[in-house]
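**Student:** Since the structure of chain A is provided, determine the placement of chain B on it from the hints.
Number of protein chains: 2
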Amino acid sequence: MTDELEVIAAMVKAAGKPPSGYTAIGDDVAMVPPRPGRVVMKTDMLVEHTDMPPGMTYRQAARKAVAMCVSDFAAKGTRPDAFMVSLGLRSGVGKGEVDGLARGLRDAEERWGTHLIGGDTNEAEELVIGCSMVGFAHKVVDRAGASPGDVAVVTGQFGLPPAGLKILMAGARAEAHFAQRARKSVLRPDPDIEVGVALAPYLTASMDSSDGLARSLHTLAKASGVGFVVERLPAAEGVMEFAAANALDADKLILEGGEEYVIVGTVKPTEIRAALKAARKAGGELIPLGRATERKGEVVRLTEGGVKDIRDGGWTHLRRS
Amino acid sequence: MTDELEVIAAMVKAAGKPPSGYTAIGDDVAMVPPRPGRVVMKTDMLVEHTDMPPGMTYRQAARKAVAMCVSDFAAKGTRPDAFMVSLGLRSGVGKGEVDGLARGLRDAEERWGTHLIGGDTNEAEELVIGCSMVGFAHKVVDRAGASPGDVAVVTGQFGLPPAGLKILMAGARAEAHFAQRARKSVLRPDPDIEVGVALAPYLTASMDSSDGLARSLHTLAKASGVGFVVERLPAAEGVMEFAAANALDADKLILEGGEEYVIVGTVKPTEIRAALKAARKAGGELIPLGRATERKGEVVRLTEGGVKDIRDGGWTHLRRS
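For the record, the sequence lines run as chains A and B.
The opening position of the first sequence corresponds to residue 672 in the numbering used here, with each subsequent residue numbered one higher.
The opening position of the second sequence corresponds to residue 672 in the numbering used here, with each subsequent residue numbered one higher.
So that you can see chain A by itself, here it is in the shape it has in the complex (with noise of 0.2 Å):
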């Protein structure tokens, strides 16, 4: 067992000495030194009983907290700058837990070069972690830029985290490898901050794909005014065989699953090629799934037997289907 001293203290020792600039963790408030352009804002809770999955430890927990942010920043073309932290603790906690999210918290600034500069701690009935992250643009990638035409871009496949959440949560069965990619989806997700600000130049919208593939399909052809035809469904490796073995519904756990930590975008037609070498260079990977169309709002895909609709499903905290 611990107390708020105690955090305090392990969360000094995770952030380490601050860069020149930036304010050490332990007054009111943090300082971050300004860079060029507007400054670039994101909150994100994770709540245990809908965010931790059986088998998430405290330390993955602290850094998919991070990750939630890191994902909406890479969406965008923003480097992330610094981040808070606001932790809401179980009573009773004890020291390796607490240990176990500073860890976290160090495993996410390594991974994404980003700064932990200060948080505050609560006590609450289940485990929740505020994530408040900070950067500069001079413009990002909005959600309202597609034109009918552009091509419908993803930096990934889909499918591996919703498979991994049936593992971890309902025992689905699945081979040894595509089980361990899938859990490891879930527990360590991996937003990728390179891949997102090499793309910004190319994409006309975009956003991330935590509610899921329709979702995000649905929110932009919303906020630009268009369609989307989608030609192929983006099926990560094995996940039509894990879908068949358990009798789910394959369309679905890509269509539908969430927790996908894959940036959603549209480029214009003549600047694809660009787009494909950009993510390539900076280690990551473009899939066109299909086209932006005029007919407003209507989102749809091309099967053998003919134009089906994706419907706007996915995850929609408090709603109940």
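These are calculated hints, taken from the structure and not from any lab test.
Misleading hints may appear alongside valid ones.
All copies of an identical chain are treated as equivalent in the list; a pair is satisfied when it fits inside any one copy or across any two copies.
[To be verified] Pairs of lysine-lysine residues, derived as DSBU-like cross-links and limited to a Cα-Cα distance of at most 30 Å, are as follows:
1) LYS967 <-> LYS684
2) LYS855 <-> LYS939
3) LYS688 <-> LYS923
4) LYS688 <-> LYS979
5) LYS684 <-> LYS893
6) LYS810 <-> LYS684
7) LYS893 <-> LYS766
**Tutor:** For chain B alone, coordinates are given in the frame of chain A:
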């Protein structure tokens, strides 16, 4: 009952049209136009079972979550520019409660001249409101600048919120007018940015007092390497009588109550008259308590019976006392 998309709609309505240079709510990230100086940040979290006493509405809880950040900005003499909110809502939360939260955020925007620029909605086992605030300053008053001989000051009297908590949570008896003031101090905490900004040029060290006066004095003493002698306790009107009527320890109410939103700081003796004048001009007050001493970490008070230790009591999350 309501869902995430309806919550977002209520927040967009509360935020209103964004000022020039600010992004509207509804993209992956928010943007704030830069002002001169470094970026100042604070994050805090309101958790229902520790921070929301019986009788507090959702509207008041939302306003309080912002007040918790404003209090730190005020203590540092910095105007808040904008804020984001992460909500953890109970499953089955109603439209009335969500509208209450939105109205409370609007109240905060109007009271402190700051802008709601975005947020995040989640499901949690109790109400959780994370607030992250951003502003700009070249320099802020820190906790480490007090020197022996400096005058210890506060910007208000103490004991009213702890009395209010006793009334709301334990049914303590109180005279009607006092009870009303005490309850209001808990339900509508009112940190004063104008007083903080006016005082900043005179403060050698400062912090807020949300964990109680004793904790603030000990924290400033440790950070600055000084001690404090308190000559008189700053008791709010009626607190002594309230304590006596309810057989409570008045000193403890004043020193260790917490939930106070007053600035505690130090001022050079040669500056104290100018500081008093500046506080009054900003519509506030400044109360000298005593002096900083050379006795590192030692916080004492003068009583009729002689010198008495002030222990480092106050609110510590997760501590069982």
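**Student:** Compare the structure with each hint and give your call.
**Tutor:** Checked hints:
Taking CA atoms no more than 30 Å apart as the test, LYS967 paired with LYS684 passes between copies only; the shortest distance there is 24 Å, against 51 Å inside one copy. For the identical chains of this complex, LYS855 and LYS939 are neighbours neither inside a copy (34 Å) nor across copies (57 Å), given an alpha-carbon limit of 30 Å. In this assembly of identical chains, LYS688 and LYS923 lie within 30 Å of each other by CA distance neither inside one copy nor across copies; the values are 46 Å within and 37 Å between. Taking CA atoms no more than 30 Å apart as the test, LYS688 paired with LYS979 passes in neither setting, with 55 Å inside one copy and 38 Å between copies.
For the identical chains of this complex, LYS684 and LYS893 are inter-copy neighbours only, at 19 Å across copies versus 45 Å inside a copy, given an alpha-carbon limit of 30 Å. In this homomeric assembly, LYS810 and LYS684 come within 30 Å of each other (Cα to Cα) only across copies, at 25 Å, whereas the closest approach inside a single copy is 34 Å. Taking the shortest Cα distances, LYS893 and LYS766 sit within 30 Å of each other only across copies (24 Å), while inside one copy they are farther apart (47 Å).
In summary, the structure is inconsistent with hints 2, 3 and 4 from the numbered list given earlier, while agreeing with the others.
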